[in-house]
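> Listed below, chain by chain, are the residues.
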Amino acid sequence: HQHCSTPVICRMTIRCSQLALIKLLCHAAKHPSSTVNGVLLGTVDADGSNVNVTNVVPLFHLSCPLAAPTEVALAQIEAYTSQPGSNSSIIGYYHSDSRIAASELSPVGRRIADKLAVKQPNSVVLVLDNKRLASFMSGEPVTADNQPFEPFTREASGRGWKRAATSSVSLADGTWQSLLIQISGLIRGQQYSIVADWDDHLDDPAKDWLNPELSKLGKFALPGQQ
Amino acid sequence: GMASSEELEQVSLQLRKGGRDRELLRVFMRMGRELRLKDAHAHTVYGAELLAKHSASLPVEEVWALHEQVATAALSIGSIQYGASLIRAVAKEFPDSMRAARLKGMYWEAQGELDQAEQLYKDMLAEQPSCVMAAKRLVALEKTRGNLQGAADQLRKYVDIWCNDREAWEELAEIYLELAMYKQACFCYEELITLAPTYVPFLVRYADVLYTLGGSHLTLARTYYSKAVEISGGRSVRALWGLVACFTHITDKATLQDAKTRALIELPAQVAKALQGHYTTAAPSKLPLVIGLLEAIVT
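Here the protein sequences come in this chain order: A and B. Quick note: the first sequence, position 86, residue 86 per our numbering, numbers continuous. Quick note: the second sequence, position 271, residue 271 per our numbering, numbers continuous.
Keep in mind that a hint or two might mislead.
Here are the simulated BS3-like pairs of lysine-lysine, each with C-alpha atoms no more than 25 angstroms apart in a straight line [as the list claims (entries may be wrong)]:
1) Lys-115(A) to Lys-183(B)
2) Lys-38(B) to Lys-207(A)
3) Lys-216(A) to Lys-17(B)
Example chain B residues on the side facing chain A (calculated, C-beta under 10 angstroms, incomplete) [what the hints assert, rightly or not]:
4) Glu-7
5) Ser-76
6) Ile-80
7) Ala-84
8) Arg-88
9) Ser-216
10) Leu-220
11) Thr-281
No lab work stands behind these hints: they were computed from the structure. Glycine included, C-beta positions come from ideal geometry on N, C-alpha and C.
Construct the entire structure; sequences and hints are all you get.
Here you go:
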């Protein structure tokens with residue numbers, strides 16, 4: 001089956017679980033006037049052709065450019081994914097900037113993504129495109145080429161990041177429609193704000209950056225049942 | 001007294017569960033004003049309900065404060081028509097006020113009419129050169145235009161005059177951080193610490209910026225994280241983790257010479273103990289992860 005609409009041979013797919021994207025969208029919705037960022041968890045094929053994003057850990061909305069909180073968070077998330085029985089690792093980075101009209105990978109984002117790429121050379125980056133997100137949230141039909149998450153992959157040289165085909169991002173479960181229904185419901189019901197990131201955790205360790213409550217909400221909302 | 005973030009959590013939780021009585025809504029909106037919160041969705045939704053259902057029974061000053069608060073929130077989430085309706089009501093009631101003018105300017109900004117907004121704010125300043133509201137909107141305008149350097153320049157001019165305005169210094173620091181101008185951000189935090197020498201969040205953030213600069217700034221970062229730990233009575237988890245980060249980078253060992261160096265040598269173990277205490281109480285599921293990381297700094 002075809003991944004891309006361009007004639008170039010597309011060698012990569014980035015499949016994302018609904019749960020991962022829900023958490024990302026809640027994080028962005030909770031802090032609409034800030035930049036938010038986080039890490040992507042999941043698996044990558046040895047040759048980097050299939051990336052599976054199964055979860056995200058929201059990092060910051062206040063401390064994105066600060067090195068100490070970033071290092072501490074990454075160390076702990078890595079410790080988490082290294083536990084016996086873990087079937088995922090850190091495979092990438094996301095951010096959402098409230099102000100920029102077109103999706104860009106900011107210098108801060110590049111630095112963090114570069115760091116992650118040291119351990120996982122096939123890391124990917126997802127940047128939330130605000131214009132496409134607005135269309136998505138208003139119910140406009142989603143195609144492979146206008147879904148709201150702009151993917152970036154490593155340059156062939158190994159230094160720097162380039163935009164990948166928008167259509168390389170797809171859903172591992174459910175549909176774009178069911179994703180919209182879920183996130184709209186969470187926003188209407190004000191439940192999006194239960195998402196906790198590392199800034200919240202550093203201010204109050206009881207706030208869990210694994211967001212088990214949000215994971216539970218995600219499980220009940222099956223596509224077609226809303 | 002001022003609401004705490006724990007009280008806000010409580011109220012938010014009740015509202016999410018469906019409680020919508022007048023007093024709960026009032027308390028939430030009041031806390032939003034006091035704590036200058038940014039949860040624009042919640043403020044729009046709950047504020048709109050309060051105004052729609054309970055205006056008649058609220059004190060007049062509160063109704064107009066709500067108009068301003070909800071209009072601002074509504075504009076920021078894109079509910080422009082609703083925001084505009086509130087602004088029209090304010091403008092009708094207070095026709096020549098700076099507050100109404102500022103709201104009108106924000107409406108123009110939300111509509112993307114930035115030049116129009118800029119002219120309005122400049123007119124406000126022409127009429128009242130000390131109008132803080134207008135000066136600050138001009139800064140916000142530059143941010144909206146994506147002109148962070150311009151915003152920093154405007155704000156720098158502002159703090160040259162209003163040098164005791166904590167919020168302005170904080171905002172300037174944030175803009176500098178976004179521009180990766182860490183030394184300038186440090187300068188802002190030094191001013192803020194002068195204004196509020198025992199306010200832990202400033203000490204921590206100053207240390208955070210110093211740490212980000214790295215190199216020769218690490219020992220000063222360690223000093224400020226330590227100060228934050230001390231003043232917060234060991235409660236600042238951010239400061240404790242900041243110290244852990246410092247310990248992993250500052251490799252030169254202090255030699256035991258005096259009380260000061262003794263304190264420095266004993267610090268990693270104390271920090272590890274304090275963090276373990278926090279996680280045992282508040283986040284036991286994360287304790288195994290934390291212990292692994294702390295072992296590295298204590299050896």
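> Now look at each hint and say whether the structure bears it out.
Verification of the hints:
Between Lys-115(A) and Lys-183(B) the CA atoms are separated by roughly 23 angstroms; this keeps the pair inside 25 angstroms, and the hint holds. Under the criterion of a C-alpha separation no larger than 25 angstroms, the hint pairing Lys-38(B) with Lys-207(A) is consistent with the structure, at around 19 angstroms. With a C-alpha separation of about 16 angstroms, the suggested pair Lys-216(A) and Lys-17(B) falls inside the 25 angstroms cut-off, and the hint holds. Annotation: Glu-7(B) was flagged as interfacial toward chain A, and the flag is violated, the nearest CB pair being 14 angstroms apart, outside 10 angstroms.
With a least beta-carbon distance of about 6 angstroms to chain A, the hint placing Ser-76(B) at the interface is held under the 10 angstroms criterion. At its closest, the beta carbon of Ile-80(B) sits 13 angstroms from a beta carbon of chain A; the interface hint therefore is violated under the 10 angstroms criterion. A hinted interface residue such as Ala-84(B) counts as satisfied when its beta carbon comes closer than 10 angstroms to some beta carbon of chain A; here the least separation is about 19 angstroms, so the hint is violated. The beta carbon of Arg-88(B) is not positioned within 10 angstroms of any beta carbon in chain A (closest approach about 24 angstroms), and the interface hint is therefore violated.
For the restraint placing Ser-216(B) at the interface with chain A, the shortest Cβ-Cβ distance is roughly 15 angstroms, beyond the 10 angstroms limit, so the hint is violated. Hint status for Leu-220(B): violated, given a least beta-carbon distance of 13 angstroms to chain A, over 10 angstroms. The interface hint given for Thr-281(B) is met, as the beta carbon of that residue sits about 8 angstroms from the closest beta carbon of chain A, less than 10 angstroms.
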